[in-house]
Structures are given as C-alpha cells and as structure tokens.
Amino acid sequence: MPKNGSKGEKNSTDIVLNLQSHTFRHGVHPPENKEETNKLPIRQFSFSPLIILPMQQHIGAPSRIIVREGQEVLRGQLLAEANGYMSVPVHAPVSGKIRKIAKVPVISGQMTEGIHIETFPYSGQEVIEGTPINFETASPEKILKGIQDAGIVGLGGAAFPTHVKLKIPEGKFCDHLIINGIECEPYLTTDHRVMLEQANDIYIGIRYLIKATGAKEVIIGIEGNKQDAADHLSKLIPADLPVTVQVVPVKYPQGAEKMLVTSLLGKEVPSGGLPIDVKAVVVNVATTAEIGRLLPHGQGIQERVITITGPGVKKKGNYLIPVGTPLRYVLEQVGAAENISEVYMGGPMMGVAVSNLDISIVKGTSGIVVFGEDNIAKTDKIFPCIKCGACVDACPISLNPSKLGILAKSEGYDTMAEEFHLMDCFECGSCSFVCPSNIPLVQYFRLSKGIIRKRNAEKTAKANV
Amino acid sequence: MTPTKTTDLKADPSSTDEFIKGLWRENPVFVQVLGMCPTLAVSNSAINALAMGLATAFVLIMSNVLVSSLRNFIPKQVRIASYILIIATFVTMVDYAIQAISVDLHKNLGAFISLIVVNCLILSRAEAFASKNTIGKSALDALGMGLGFVFALFCLGAVREILGNASIFGITVFPESFQEWIIMILPAGGFFTLAFWLFLFNNYKLKKAKA
Amino acid sequence: MSANQILSTQPNPTEGSKKMLIAMVGIGVICALLIVLSYEGTKERIEILKAEALEKAVFKVVPGISKTRIFELTAEGTFVLSDGKDRSKTLVYAGYDDSDAFKGIAIEASGQGYADILRILYGYDPEEQTVVGFYVLESKETPGLGDKIEKDEDFLSNFKALTVALTEDLSKIQNPVVPVKSGLKKNPWEVDGITGATISSRAIGNIIGESSAKMIPLIYSQKETFISAANPNSK
Amino acid sequence: MKSESFWYIFINASLINNFVLAYFLGICPFLGVSGKMETATKMGAAVTFVMIISSVCAYGIHALLVAINAPFLQLISYIVVIAATVQLVEMVIKKMSPALFRSLGIFLPLITTNCAILAVALFQTAKGYSFFGSLAFALGAGVGFTLALILMAGVREQLDFADVPKVVKGTVITLLIAGILSLTFMGFSGLGS
Amino acid sequence: MFSKTLHISTSPHIRQGMSTDMIMRNVVYAMLPLVVFSVVSFGLNALLVIITAVASSVLTEHALCRWSGKSSTVSDWSAVITGILLGLTLPPIFPLWMTFLGGVVSIAIGKFVFGGLGSNAFNPALVGRAFLQAAFPVAITTWHPSFLEGRFYSISKSVAAFPFSTPVVDGISGATPLSAFKFDKVTADTADLAFGFISGSTGETSAVLIILGGIYLAVRKMMNWRIPVAILTTVFVLSWILHIIDNQVYPSPEFMLFSGGLMLGAVFMATDMVGSPITPRGVVVYGVFIGLIVVVIRIWGGLPEGVMYAILLGNALTPHIDNLIRPRVYGTKKTKS
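Chains as they are written, first to last, in the numbering used here: chain H, 635 to 1099; chain D, 6 to 216; chain Z, 3 to 237; chain A, 101 to 293; chain G, 761 to 1097.
There's no promise every hint is true.
Stated by the list, open to error - Which chain A residues face chain G? A few, computed with CB under 8 Å, are given here:
no. : residue
1   : T185
2   : L188
3   : V189
4   : V192
5   : M196
6   : L251
7   : G254
8   : Q258
9   : L259
10  : A262
11  : D263
12  : G270
13  : I273
14  : L281
15  : F288
Claimed, not checked - Derived SDA-like pairs (lysine to any residue); straight-line CA-CA distance at most 25 Å:
no. : chain 1 : residue 1 : chain 2 : residue 2
16  : H       : K1015     : G       : W1060
17  : D       : K112      : Z       : R47
18  : H       : K1043     : H       : L1081
Rather than coming from a laboratory, the hints here were simulated on the basis of the structure. Just so it is clear, the structure is predicted and the values come from calculations on it, not from any experiment. Virtual Cβ for every residue (Gly too), placed ideally from N, Cα, C.
When you get a sec, could you build the whole thing from the sequences and use the hints?
As structure tokens, this is what we get:
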C-alpha cells in the first residue's frame, strides 16, 4: 500500500502504481446489457400532464415548500427551499398550476410531503433564468452555495447533496478531483450518453469544481466499455485544465467511490472515512455536467437523463425526463410490456425494486429497468450456505459475507460489526449476485446495519442522559 | 449447598424414591452425564462394564455411608479434601480386591480402577447428598445411583460387546458367520454407542414432553 | 439446613482449626487403617496369582518344564538372578523340568506394534538352537485385526521351530530372524506374516529378530549359569 | 528400550493414543469447556501445565514409596499431592500474574478432578518411564488433550450457527464429533513403527 | 394498464445464475467418468458397490428428513455426491451390506446430526469411510485385481455376502501399490498408476480421469483449484526431498502422487466446500497441511494410506484456519484475529 503523498504535493509514486493496477481487489462481472441503449442519443421526454414532486428527493432534510395550492408556477421557479445545510431546494420541473400539496408516495414505500402540478398543456416550457455564477470570479463558498441553490445532488443514484460533499473539512486538502464516469451498473447508459453529448458542460462543471475544492489535478475515470466516451472527452480537454482521462477495466463495482479512488490513485480510503482522507473528492460525471449547465444561468434542476431499458420495454432509450414525472406515465410512453413483473429504479445491482407505479421520477433516478414476467428466470429456492467462498472472492472490500450471513441469521450483530467489519459494507450486491445458494446477503446486511445503528444510537442517547 | 433443600423441607420422601431416582429419572450417566471417563473406557465388554460398575457402586456406597456418618464431624473447610481421602481409600481397597479376584480382570480394567477416585459422580453424591442426609438415606441414594451407573455401563458394554465381538459375557451369541463390527470395541465405538443411548433417552424425553 | 450445619459455617477461629486438625487426623487414621488392612489381606493371594500368570506364560513358550527362575541382564552382558520387579531391566526366565534339568529359556522382548508397545515372551531351546514358543504379554493391537498375532494358528506355528542357530564362533546368529509376506516363508528362520494383520505380525518378526540377535549369543555362551542355577544354594 | 525414545513417548501420548480420543481421559472438561475456542485453549494450557508439574511430583513420590516399600499408598498420595499442587499453582499464579490468574482461575479447581491428570501420574508409573520419559509423557498427554479440545471447540463453535436437530443437541452431537475425531486420530496409529 | 402486482425483491436483482444444486450436479458429472472406468476395470462388482452406496445415502437422507419433519433435501444432489464418493473409495469387492451401512453412517453421522448440507464439519463420505475402516478393517483392505476375465458377468461372493455375515473372499486378492510398497518396498510403474491399470478402490485407480474431472470443475469455477494444487504440490515436494535423501527407503515423488487415494481425495474430497476454508490463503494452508499429513502417515505411519485421515483432520482444522486467516478488510490496518 503506497503511503499517502505529502501534503499538497502530487506524489508521483502513487500515480505510477495506479497506472499499473487501475483496479481494486475482487469484484464481479455481471452481464452488461448496455449495447441496446448506449448508441441511442438523449431525447427529450414528453411532459406528463400531471407532475408529482416529492420533497424528499435527496439524503437529508426534506425541502420546505414555499408555494401554495392553486398557485401558477413557471418552469425553473423555486418551489421549496433547502431546509438547513443538509438539504437542497426543489424547482418547478414544468410550467403549470399547483393542484394540491399533499402526501405522496416515494420508492421506500413511505409517504412524504409533495406537490402536484398540472402541466400547462400548451406552454413552451422555457426555463426561467436566475443569477448566474461565474467560476472565474466567484469564491469557493459562493460556488458551493450556487450548487446548493441549484438543487444539485449526486445524480449517480445516491442523491447526496453535492455541496456538502464538496465542502472540504477544516485541515484537509483536496489534491485529486475524480470525475466518476464509470457507470458500472448493468443496463444503464446515462453517464455514457452524457459524456458523449455534454462534454462542454462537463468541462465547465470541472472548472467550478476545481475552484470549489482547490484540486490540483482532475482524473476522469471511465470504464473500458465506454472507450468512445473516453476518446471523445480526451479530445476535448481544455488546454488550461489539468485533466486526464483514465480508462479502467470493466468490473463491478468499479463506480463505487472507494473502489474508484483505489483504482485511480492506488490508495485505500480508510475504514469509516471518506475519499477526502486520501486527498480526493469524487463527483459523478452527470452531476458535473449539471453543475456546468445550470450554474452559469443560475438555474435549478428540472429534469435529468434517465436510461429506460430492460426486456420489458419497447422503446428503450436515454431520455431527458422532468423530475416528478409519474413512473406510470413514463412506462406508458415507452410502451412497457403488459405483463411487467419487476421494475427497478437505478440499475439491477443496487437499484430499488418499485412496489407500485404511482411514484415519480426523482433527481437520483439514473435508470429504469423493466422486466416482464417471462424475462425472470429466478429460482427463489434458498439453499444453506455451502461456504463455497464465491462471495469472499467477490467482495470488493474483502469482507467475509458468508460468515456475516451466518451471523446475521443467528442475530450476532455485535460480532458482525466489531469483528467482521459489517459497517464497511456499502451494499454493492456482489456477494448476493454470486451466491449459488441464493442467500439474500445484502438484505441481511442492510437489516443488521439498521439494528446496529439503532442500538448504537440508543447507547449514545443513554450515555448522554 | 442448596440442591437438596427440597428433600429436606418436604415431608420425608419415601425411601424407595431415593433409590429409584438414580436408576432412571436421575440416572448418573444417561441423565446427569457424569463419570464419562470410566463409562467409555471400560465398556468394551459386558463383563468389564459390569465389574467397573460394581466397583464404582461399591466405592459410592461405602464413601456415602462414611461421609454421611461423619457429616457432623467434618468441618466445612476441609470437607472436599476429606471426601477425596475417603474415596481414595475405598478405591485402593477395591483395587486390591479385584487383583485378588482375577489378575486378568484387573489387567483389562487397568488404571481405570484407580481413576474411580476422580469420578465426579462419587464426589458429587458425597457433596450433594451424603453430607446432608442420614446414613440410611445416603446408603439408599448411593445404592440407587450405583445401580443406575451399573445399569448404564451394562447397556453400553452389552451393545459394544454384542456388535463388536459377537458375544455377551464372553458367550458367543451369533452364528460363526457373523461379521463383528470392530469399531464398537474401539474408542470411537465407545463415543458412538454412548451418543446412541443418549440419543434414545433424548428422543424419549422429547416425545414425552410433546405428549 | 439443620442447626448443626449453620453452626459449623461460622466457627470460632481457633476452635475451628483445632476441630479441623482433629477431623483430618481422624479421617487419615481411618483411611490408613482400611488401606493397610486390605493390602495385607490381599497381598498373598495377589502375589500367588501374579506368579501363576507369569509361570503359565513361561510354561507355554518353553514346553515340558515345571518351574522357572528369573534372571536379569546386567550392563556387562551377564545374567544374574532377580526378583523380576525392576521393569527397566531385560528379563529372562530359565525353565527346568521335574528333574531340575535346564530345558530352555523364555525371553522377554518388546517393540513398537501398530497401536502401542508390544511386550512378548518367546521360548528358546539352546539344545536345538531354535525358538520353541511365543506368547503375547501385552498388546493393544486392534481387536479382530492386529490381535490375530495371539490367535492365528498359522502364525503361531511359526514359532514352534524357528531356527536361530549361531555361527561357528558363536558371536552372532547365522541367519537372523526376519518377517516375510504371508505365504512366502521358504527358510526356517523366516516368520510368515498374517494377511490383514501385516503390521502387527511383521512387528513380532522384527521384535524377535532384534531381540534374538542380541540375546541368543549371550544366553548360549552363559548356558552354564542357567544350568547351575537349577538347584540354588539359597533355597 | 530402543523404541521408547522421548519423541516416541510424546507422539504416542499426544497422537497415537490420544488421552481424550483413545483413553477417554478428561472427558468431562472435554465435553464441558470445548464449546468456545478461547476457553478451550486456556483449559488446554492449564491442564498441560498441571500435568507436567504433577508428573514430576508423582515421579518423586513413586521413588519415595518404593524406598519405604509402601505401594498401597500410591493412589492416595497421588491424589492428595495433585490436589495440593493445583492449590499451590493457583496461589502462585495469583500472586505472580493476576492477569493470568483471571483467565485461568476458574479452570484450575476443575482440574483437580480431571482424571487425565491423575492418569498421567498412574500411567507413567505403570509404564516405568524414566524421569525425562515421564516429562515427555506428561507433555504429550497435555498437548494431546489440548489438541483434542481445540479441534472440538472449532467444530462446536461452527455448530452454534447450524440447524442441529434438537434431539442430538448438546452432549450427543459432542460425543459424535468426538467419535469422528477419534476415528480420525486412528490414522496416526503405527506412527514411528 | 399495468394492473399486475409487481414483484418486489431486494437488490441485487440479478444473479450470476450459478446455483448450489447445479454445482452439486456438475460434481456428479465430473465423477461419472470415474464410475465408468471403475466398472470397466472392476466389472459388475464395482458397479453394484457404487449403486448401493448412492442408494443408501439418498434413502437415508430422505428418511431422516422425513423423520425430523423437514421437506426432503434429496433434490440438492449432495447426498448423491456423498454416495458416489463413498462408493469410489471402497474396494471393488466390498460387501454390499457394509456399503449400505457406510452410506447410512455417512449421511446420519456425517451430515444429518450437524444440521444437514452446509453445516457438516467433516466430509460425510469420509466419515462413512472411516467408520467402515474401523468397523471392518479386513474387508476394507481386501483388494481385487483389475481387468479380470469375466468381470462383467460375475459377482464376487464377497460383494454378495449375506447382511451381517463375514465376507468370503473368492479367487485372487491383489495388493494396492501403496501396501505393496509399505510392506515389500515394491513400487509400481508410473504409467500404470496414472491410467489406472492397478488394484485399488473402485474410483482411485485412474489418476488421469480424476485430473480431467477436476479440470472440468475448476474451469467451470465449481471447485477451488487451489486445494488440489496445494495438496499435490506439498506431497510432491516433500517426497521429492525425502527421495533425494534416501531413494531406497523413500518412494519416488511420482509414485507418491499417483498411487492410492491421493488424487481422488485431493480433487473430489478435500475440495468439499463446506469442510474447507473460505479464503484463498486459508485454502493453501489447508492444502499444505493435508499434504503434510498424507506424507507423514504414508512414510512413517503404520498404515499404507492416510489421505482419508489427512482430509478429516483438515476438515477439523478448517474453523481455525478461517478464524486465523482473514483477509485484510479494505481501508483497515492489518486485522488481528
């Protein structure tokens, strides 16, 4: 393990090392299934007559609604403002009339505050301009504020408020800005298309990010199956930017922040830490493009690129879809098969299965994968763990999922956390993917982590009393 | 010391019960899982098992009686040491007695006669029962436990000898062509046979609990 | 709990230790008495039984004798009369018939068997220069397999007449005893193995081979010692 | 005797005729404390230690008893001396290393009634081992005991998470594993022949 | 539209497609050539032995599941593997009633009491085999020459021995190369060993077929190739060193490698996933340990063959290997156990 470079300097040995490896330990190779959509350009999706906009689209506090029922809004208008630091505002994705403000369902199955907007059928849907932020003159704080005001969250799927992520903690430094164009989830081609079609926005976004983080070099990490995107971006690198495009081997979960840092820098993010602990900040490529597109105009997010694919969909493609568009409407438009049986928001590895079609597209939706009944050839039979070790060979952070699974079944939560590093698991799903016994390992871990967190919270609460 | 409180407080339980409980309900081997070492080591033939069982029973009875009769005389602090001394004495006596009966038998039982000293069954009866009860009761308790031990050893020894040597008490019980299961007289067979008997007991208990 | 016991749990310190001492001494005396009594009571019979058992074995390996005397091998390679109690010494048992004639000698030997050390006794007839009998004193060989060395008739017949003739100068055995595979015995100094008990039967062949190579020349050269001991002055 | 080298005595006591798996000695602690790896290791270490000490004591006592011609006191003196030794060891450890005492403490009293300890003393006398032979024997016995205990503990720890049928839970399954281990150790028979 | 209820699953929503019963089935496929070869070389007797072993394993599994009120787990194929493995390790003229008993013991004591598939600490087939070895030491070491005339239409008296009766060995019995070496210092021709023109257990004779089966499984990623490689390398290196030291006393490394049950054990038994360590490094330790014990027992032990015992010991050691050898978790310092 190369040691961290000295403060603020580019450590050349690190770079050499990572040029040789460019990957992390273990990982899996799920079938990619990207070829059906990766050649299809991004197309504007039609506006749904009804937009249902939940206020909880990001990690953190729900946005605070500042409009009232019956009010008419313009596309891009602020509808809800950030409720604290760990929150972002929501902008109107369409011009229309607010029909009601009520609880709306979200993917987790819970209900949250939301706004129903009746889209004006004949509106031109022009986006209103705000106060532009100039990356040359604005201070880093100003840029971060601008990112927050634009309602930008991680578009890779996590929906973590980007301004929080970009805030470099006191005493730490960011040397490497990593733009994550890996998109290792099967089926999804969102980032791929963004890189091919929005190169300019990406580079403008990078300028903002460099300013905000103080990074000395920028690496755009792209998986080997998107060579065309890598070539395209390399060609367009502005002369004044310290950017390199780095192609890494195709392997899941290459796109996970920690894995990408390891692949590109040859360093490991310490357990429980963040990339900034090894002087790196990782930003999704679509997020970067969005920053570059919105900030110069002072606008907020109204729509995002989403790959709609899977065997259950007729008109597969990459669409620019307004946030808040109901899923049912989307599926109707793309001609989903009548017998659809499973719909995932996000990719099939980490995405969430949708329980009903009344939920809406949100900022974090990177893709919609639809399976018909006849496409599912899953056996639900769960065998006992035969300790084959496939999960151990798959786990990108070298956990022992087999042992963890056995412990979870016998409720050995403390052992899981203390001895077997459960809390480092980021639920990439590699273990469940390879498990021949069909053991729902990730589900076990998710539940166990929840219980452990709850216990710890109780403990701290008790200690504080 | 509380285990026998109930017997002290209750109206004097019938003395047959003191005797019967060791045979079945509180069988030292099958239920209490005590005294495993000699149980397994010398149960490879019925005769060895019986001899060992009787020797143990004798030591148990004699030491129970002596401990019980001395129970008011032995101070608490040195009671364990005294019990060990008493037990060791009777074991030595049994050892010589068996040698005087048959050198072959003594050879077969080997050091396991001496090891009766550390059979937890005897010490536990001395501590848990004899030290708190009258001589009569202690003798009955020891008799029951001792016979229970003999019974258990015999069960083991019989199975092991019949399968392992096609005989019982040295008398052939199967036709010439019977193939002996050598494993039964080997150590592994001892473990398996005891496991088998305990399994039967557990199964019986579980069935009864269900019914 | 009875009042007695409650009292005894909280004794007066000095009185307690005094009582303790009395109790221990008392029990010690009772125990010592019982042990010594049983030892003295059984001693004679045990000795007789043990001697009988040993004699039976010696009689088995040296046919036609009616009494034996025990000798032990000294460090100098000579044989002296012994009480047979020191187990670290190599023991031999000279056998005599009714007319006190020296008929042969039983030699104790041991070596590694399959499961543990094997202790055996084999008879040697100096007249014929052959091994004339064999008996297993101690064996933990697998029952039904290795313990065939005690029961297998064909195997035991090996030792009815096993040649251990010495060379001209009497310094060593001409043809050392060696084990061979079952059914392949060709010479009178070979020990035929047992199918299915190869290891144990070979072990016996090796033990006798090793022991005889060392002991036979010594015994043969000191024949006189044994002959003269037939009618010892001490008795 | 040639084949009675210290090495052979050691191998014999630890592997070929393993105290637990071939002689059934120390079965009670074997069944009792083999559930957890950590306790098994500590118990094994404690037993080995006490075995060596009592082996030395027994060697001395035997010599004394032979000298005063009182073989009938063998058993009683062995058991008394072993009990006393355990007490003494307990006290010494308590004084010298409280940490060690805390981790071994609860096992030491148990050892007094561990038949394996007494058996080491009795067997070495019966086999007529020399002083160093006795030491090798005691060490072998202790290592064998520890080995059996540790192997058992490993398997049993795994069983904590297994769906063991109720009727065999506890002693039955432990005895069955002991039987399998005993079969396994039969592979060592004849070692060194 | 879209009135159907949606199927909900937690991520990941796709699976690699490997399944446990599929792995088990493929292990059976990999062993089939061995079964065929053993029938070719030992005739009807071997076929009957293997069929009996499989039948008794499967029946026992089914019966025990029923008895304990669970649904039958026969369909996971693991009992079939146990049966075939047991059959392959027995002498070709082993009495059928003993074979049947071996199958019962394998499943009942080797697997069922531990809680069934996935919990069996020891390889069930080897538990059964070890039981038979201890119970019937003579029958299990009564070997039979291969490629005898008339092997396809005659059944040995020994095989057909009446239940619980002592088998009578008719005709010739043959020694295995290992016992021939152990007791008479005779080594066999390496080519004969490799291709199986020797005497031995039904399935252990053809090293080449065993290796081919192993390669099939390794390529399909249904077997941890490191295990056989570690075992065989250890045996080879150790016996090579010994052979250099004294080539009269110690057999050649190729003899050690190809004789006896080493190949069969290393490829099909030591690789039993349940009983072997889970990490790549742990597996190597496990393999080296087994190889070491094999050499020790074969060279210095009383038995001609020690593979079975070595693997059982390896199984017993596995929990400890897994406990002591854990990979360093990403982002942590070297973990202590």
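Cross-check of the supplied hints:
1. Interface hint status for T185(A): violated, as the beta-carbon distance to the closest one in chain G is roughly 31 Å, over 8 Å.
2. Given hint, L188(A) at the interface with chain G, is violated; its Cβ is 33 Å from that chain's nearest Cβ, farther than 8 Å.
3. Hint on V189(A) is violated. Least Cβ distance to chain G is approximately 28 Å, over the 8 Å limit.
4. Taking 8 Å as the C-beta cut-off, the interface hint given for V192(A) is violated, the closest approach to chain G being about 30 Å.
5. Evaluation of the M196(A) hint against chain G yields a violated restraint, the C-beta minimum of about 26 Å exceeding 8 Å.
6. Interface hint at L251(A): satisfied, since its Cβ lies 4 Å from the closest Cβ of chain G, which is below the 8 Å cut-off.
7. Checking G254(A) against chain G by beta carbon gives a least distance of about 3 Å; that is within 8 Å, so the hint holds.
8. Interface hint status for Q258(A): upheld, as the beta-carbon distance to the closest one in chain G is roughly 5 Å, under 8 Å.
9. The closest approach between the C-beta of L259(A) and any C-beta of chain G is roughly 7 Å, which is under the 8 Å cut-off, so the hint is satisfied.
10. Interface restraint check for A262(A): the shortest CB-CB distance to chain G comes to about 3 Å, inside 8 Å, so the restraint holds.
11. At a threshold of 8 Å, the smallest CB-CB gap from D263(A) to chain G is about 4 Å, leaving the interface hint in force.
12. The restraint placing G270(A) at the interface with chain G is violated, with a minimum CB-CB distance near 12 Å, outside the 8 Å limit.
13. The interface hint given for I273(A) is met, as the beta carbon of that residue sits about 6 Å from the closest beta carbon of chain G, less than 8 Å.
14. Checking L281(A) against chain G by beta carbon gives a least distance of about 6 Å; that is within 8 Å, so the hint holds.
15. Hint on F288(A) holds. Least Cβ distance to chain G is approximately 7 Å, under the 8 Å limit.
16. Straight-line distance between C-alpha atoms of K1015(H) and W1060(G) comes to about 48 Å, which puts the hinted pair past the 25 Å bound.
17. Pair hint K112(D) plus R47(Z) holds up; C-alpha atoms about 16 Å apart against a cutoff of 25 Å.
18. A C-alpha spacing of about 11 Å is found between K1043(H) and L1081(H), which places the hinted pair at or below 25 Å, so the restraint holds.
The structure fails to meet hints 1, 2, 3, 4, 5, 12 and 16 from the earlier list, while all remaining hints are met.
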